[in-house]
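Chemist: Sequence:
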Amino acid sequence: FSPGSSLKYTFGAYKSDVGVPGPVEIPTPDASQYTERIYSTIASDFKLNDISNLKVTLYGDKSILNYLEPSVAGADTYSTEKNGEANVEYTCDVAGINVLTAGLRARYDWLDQNQIGQKDATTKSVYLQDTLDFLGSWIVSPSLRYDSHSVYGDSLNPQVSLVYNIDDNL
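Heads up, the sequence shown is in my numbering, so the first residue is 1 and it goes up one at a time.
Honestly, the hints are just simulated from the structure, not real lab data.
Predicted, not measured: the structure shown is a model, and the values here were computed from it.
One thing to keep in mind: the hints can contain errors.
[Claimed, not checked] Here are the in silico distance ranges between beta carbons for each label pair:
id	residue 1	residue 2	range
1	A95	T41	32 to 42 Å
2	P27	S155	37 to 47 Å
3	L48	K119	31 to 41 Å
4	Y34	R145	34 to 44 Å
5	S141	G12	25 to 35 Å
6	D167	G117	50 to 60 Å
7	V126	P27	17 to 27 Å
8	S2	T77	48 to 58 Å
9	T41	Y152	47 to 57 Å
[Unchecked claim] DSS-like cross-link-like pairs, simulated, lysine-lysine; straight-line CA separation at most 27 Å:
id	residue 1	residue 2
10	K82	K47
11	K15	K119
12	K55	K82
13	K47	K8
14	K124	K55
15	K47	K119
Backbone N, C-alpha and C define an ideal beta-carbon position, used for all residues, glycine too.
Can you make the complete structure from the sequences, with help from the hints?
Modeler: Quick look at the structure:
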C-alpha cells in the first residue's frame with residue numbers, strides 16, 4: 001500500500017452459559033441463558049493522494065441467544081440474529097479549511113426467533129458532510145443523509161453542528 005494507507009481485519013467470538021435467576025419478586029432459579037456471538041470486520045483506508053482518501057468497511061456478525069425457563073411452559077426463547085454492513089466513504093481536504101466527505105452505506109439485519117418468527121430489514125444510505133474550519137476557533141459542519149429502510153420507509157436527515165475550540169489541545 002501507499003504510505004498512509006492501511007488494511008485491518010478484526011475477529012471476535014464470545015460464548016457464555018449462565019443462570020438467570022430473575023427478579024426477587026418472581027424468582028426463576030432454574031432459568032438459564034446461552035449466548036454465542038461471532039463477528040468480523042475488514043476495514044481499509046487508502047490514501048489516494050495528498051488531499052483525499054477512500055475508506056471501505058465490511059462488517060458481519062451472528063448472535064445466538066437462547067433463554068430457557070423449565071418451570072414455565074412456552075417461556076423458552078430461541079433467537080438467531082445476523083447483521084451485515086458495507087460502507088464506502090470518500091474524503092477530500094480542500095485548501096486545508098474545507099473537508100468534504102461523501103459516502104454510501106448498506107446494511108442487512110435478519111432475526112429468527114421462536115416467539116415472533118423471522119424478520120429482516122435492509123437500510124441503504126447516502127450521505128454528504130462539509131467541515132468548514134475557516135473561522136479560526138469555530139468549525140461548522142453541515143451534513144445531509146438520505147436513508148431508505150425496507151420497513152420504515154425513506155427519510156432525509158439534515159444536520160448542522162457548530163464547534164468552538166478553546167485551543168488546539170482542548
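Chemist: Are the hints correct? Go through all of them and say.
Modeler: Structure-based check of each hint:
Remark: the range hint 32 to 42 Å for A95 to T41 is upheld by a beta-carbon distance near 33 Å. Hint check: P27 to S155, Cβ distance near 44 Å, so the stated range 37 to 47 Å holds. Between L48 and K119 the beta carbon distance is about 40 Å. The supplied range of 31 to 41 Å therefore holds. Judged by the Cβ atoms, the range 34 to 44 Å given for Y34 and R145 holds: they are separated by roughly 38 Å.
A hinted range of 25 to 35 Å holds for the C-beta pair S141 and G12, which are about 32 Å apart. Take D167 and G117: their Cβ atoms lie about 56 Å apart, and the range 50 to 60 Å holds. Restraint check, V126 to P27: a C-beta distance of roughly 51 Å breaks the suggested window 17 to 27 Å. Distance hint check: the CB atoms of S2 and T77 are about 50 Å apart, consistent with the given range 48 to 58 Å.
Checked against the given bound of 47 to 57 Å, the beta carbons of T41 and Y152, roughly 26 Å apart, lie outside it. The straight-line distance between the Cα atoms of K82 and K47 is roughly 32 Å, outside the 27 Å bound, and the hint therefore fails. Of the supplied pair hints, the one linking K15 and K119 holds, its CA atoms being roughly 24 Å apart against a limit of 27 Å. Straight-line distance between C-alpha atoms of K55 and K82 comes to about 23 Å, which keeps the hinted pair within the 27 Å bound.
With a C-alpha separation of about 14 Å, the suggested pair K47 and K8 falls inside the 27 Å cut-off, and the hint holds. For the suggested pair K124 and K55, the alpha carbons sit about 17 Å apart, so the restraint of at most 27 Å is met. With a C-alpha separation of about 39 Å, the suggested pairing of K47 with K119 is violated against the 27 Å cut-off.
Checked against the numbered hints above, the structure violates hints 7, 9, 10, 15; every other hint is satisfied.
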